[in-house]
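**Student:** Spelled out, the chains give:
Protein chains: 2
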Amino acid sequence: MYAFSSLLKNNLPGEFIAATEIEIHEAIEKATVAFETYRQTSFAERADFLEAISEEIMQLGDALIERTHLETGLPEARITGERGRTVGQLRLFASLLREGSFVEAIIDTALPERKPLPRSDLRRMQHPIGPVAVFAASNFPLAFSTAGGDTASALAAGCPVIVKAHSSHLGANELVATAIINAAKKCGMPDGVFSSLIGEGVLLGQQLVKHPQIKAVGFTGSFRGGMALLKAAVNEREEPIPVYAEMSSINPVLVLPNKIAQDVDAVASQLSASITLGVGQFCTNPGLLFVLKDGNTETFIQRLAQALQQVQPATMLNQSICAAYYKERQQLLSAQGVEAVLTGDEGREEYKGRPSLAKTTAKIFGENSSLQNEVFGPSSLIVVCEDENDLKSALRSLHGQLTGTIIGTPDDLKRFQSCVDLLIARVGRMIYNGVPTGVEVSHSMMHGGPFPATTFAHFTSVGTEAIKRFLRPVCYQDCPQEFLPDQLKDENPLGLMRKLNGEFTRDAVHQLEPVPR
Amino acid sequence: MYAFSSLLKNNLPGEFIAATEIEIHEAIEKATVAFETYRQTSFAERADFLEAISEEIMQLGDALIERTHLETGLPEARITGERGRTVGQLRLFASLLREGSFVEAIIDTALPERKPLPRSDLRRMQHPIGPVAVFAASNFPLAFSTAGGDTASALAAGCPVIVKAHSSHLGANELVATAIINAAKKCGMPDGVFSSLIGEGVLLGQQLVKHPQIKAVGFTGSFRGGMALLKAAVNEREEPIPVYAEMSSINPVLVLPNKIAQDVDAVASQLSASITLGVGQFCTNPGLLFVLKDGNTETFIQRLAQALQQVQPATMLNQSICAAYYKERQQLLSAQGVEAVLTGDEGREEYKGRPSLAKTTAKIFGENSSLQNEVFGPSSLIVVCEDENDLKSALRSLHGQLTGTIIGTPDDLKRFQSCVDLLIARVGRMIYNGVPTGVEVSHSMMHGGPFPATTFAHFTSVGTEAIKRFLRPVCYQDCPQEFLPDQLKDENPLGLMRKLNGEFTRDAVHQLEPVPR
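So the protein sequences, as listed, match chains A and F. Here the working numbering is used: the first residue of the first sequence is 46, the next is one more, and so on. Here the working numbering is used: the first residue of the second sequence is 46, the next is one more, and so on.
Quick caveat, the hints were computed from the structure, so don't treat them as lab data. Note that the structure is a prediction, hence the values are computed from the model and not measured. None of the hints are false.
Since the list can't tell identical chains apart, any single copy or any two copies may satisfy a pair.
In silico BS3-like pairs for lysine-lysine, Cα to Cα no more than 27 Å straight-line: (1) LYS255 <-> LYS437; (2) LYS75 <-> LYS408; (3) LYS513 <-> LYS534; (4) LYS372 <-> LYS397; (5) LYS75 <-> LYS437; (6) LYS513 <-> LYS544; (7) LYS544 <-> LYS160; (8) LYS276 <-> LYS513; (9) LYS459 <-> LYS534; (10) LYS534 <-> LYS544; (11) LYS255 <-> LYS276; (12) LYS408 <-> LYS437.
Make the full structure from the sequences, and use the hints.
**Tutor:** This is the structure:
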């Protein structure tokens, strides 16, 4: 296999060899053996490992930036920023490990005198679940790929990782995978704690998800791909496993009347920038805009179209993503009741994505759920609502989303609060007077949401809470102190925040003297 | 439909009418409408509601105890204890709501001066997911049924509940359902926040799990039943939903050599009591015992058989559970290499379960995974291991379990630590020198575990953490204070423990004055 550059329109140097079935099996077997020791590593050792990965990635220097740029067509400045995000999230997980309270230690001490029955000493904490298969994403060749958030959070949890490389950036994958393996060696981590496999997408994906030793899947990609993995995980394994797939979101934005009346140009330019950022190739791209019909609606639509028109078409991630963009856009534009506002395909031959804008009514939108299919690229659909009730019924028909956004004056926000409530019930993140593109890597981030945005709305794939996907609780009943993990010992040697008899504390457990009878 | 009493061998008074398809649909539609207001109730209001339910249940008085006793054959003292547990867990969830930190508020304040990009204000907390279908269990007619742990945790989370009543205790269901509905009325909760449906098990179950407005399922029951729901939830719905099924566990116990040498009678009588508690009809029943072959092994086996032999057969929950017990036991005993130690079926005609004990070798156990099928009733299988390696390979072949138990002297525990590690990797709760039966309702309880014990090892169905099954995170980005939920407001009006810029605190957010440039 070769890496094709849509920028240069040719194959880049380097041949990549697809893993054989035996090699896939070996990688997973190694990960399974590695798990028995890796799960027992201390949090400090794992933190050192993650930091070593970030150092090794930085040491790849410009070679990584250049190769990734050529493979994806993304500008070098963007790749440099994404590298910063990638090493930053590795370091954030290292700090989470050094602090350690993410294990959610909960302790209920024994009540030997309780009537009618005594209570045992019960102590609970999170443990890693086992080897994780990570599916790299096309649109974030670093931050959601080989050493991306899924890999960082699984390794932090104590789970070995097997990455399915994305065929769009095989060179970047190889560089980063080598960096991770070097870091593992330097830190004395067990052989097999990380590996990266190359192969025909669907086939390799199915081989990974069906393997009995894989215990969870992290995936960022298409709806079809995510659903195929979810179904295989439940139907084609003896033991069903969780598939955390982030798939499809069109990220609705409510653009409210007073704000349009006050700031039509600013709003149009803010939205145009968000729709076209990264040639629209973001999971949080605002592909759906709700407006209320009044004297300013047409002006707003025209200004937004003008702003989009001024954005130069840019090279998309690969040929098939570009072809899919024009196809999905065409499906949207040819739907009954949908009208093109801005279209055109200049640059298509060079794999460039031309921004596009369409409009329809709330009635049509509510009647045709296929208008909610994601168009992956710089395209958005405006839904014009007759009044607030019309808007509400459109919102009630909305599928689950990663994000919802409201753009309005303080008066707008008050007046449309019940609409915002309807939106919140359908999204993972609600943005006030901003844009959905731009996902902070932090403790509070929720990058997830109700189906079809993800397969499991309980979890985020970005930020420190992402570690929870790869942990499961274990409760120790009447375990002698010397056999307890440090996290649960009386003296709290790691100084964790724990829940002790219902109270949050970093205090040690003070064993009471037995009460004299 | 009538309630049959295996104790009286006849139908009890009262006819129960199966819900029609229209009634099922109406109940779910009502729950969907109720969700829009119920999700907005304050935590104090929900706590009042849960406490009112517990009061209404207590006010049912002896009528509930008597009816449940006749329907299930369980002794009145056990039912009285189970009622205590049921109202206790409702009150525990009420206290969790009054404290409020279970929403896991996480706040990262804005960094407007950060380079290269400013950080938005991000605040995240848990929200309810929507109407939940709860499948009542046969073996806990109160604590895992109509007002059991699933119902209590879903209502606490802010989710309306539709219970599928268990056909084994229709009268108890009707009494408790009426108590819940009375409490809802008294507390001004929306119509449809709770309903209970009766029907043919598989048909009604499928109707519930396939309904588009049901957002999660809580289930305690058979492996077949749980798997059918899981598959329907993924394959027969447009939107897959989580099915939290607690299904099948045989709760292995390692009985170690020094302990047997020291205390053979005490260990035998402790295990016999646990195996026969509630006629073995517990999900945590110890159905599998590992011992190491030495001079005391045969004595231990004989003493355990003698202790079991002395336990009088008692009435099982219903006719089909009793029939299944003898059938599953027979399948185990007829497997190649399995030898009956204690068998017999005295009392079978009266739906009584006769204790049973079998034995096999580690080699046979490792080769035949069907020996790990649950026998629901007072039966256990002893696996005799030649040595520690033999034990380890048997442990490596173990399926996921709710619990694992180790019975040993301090020396035993040290010597077999690597065996305990293997067991911990396969269980939800690890018990030291106790028995697995008896599940404390507390903050630290983990009643769950790797497949096939449950469909999702991340969650517990007992204890306060059970609420997490019915919550999903929502992040608010740059939301003005007045529109934030109280849980996320700067001043922290509810006094919650929150994670603020990475630190745990109950402090308010002190907004910094803008730094002068």
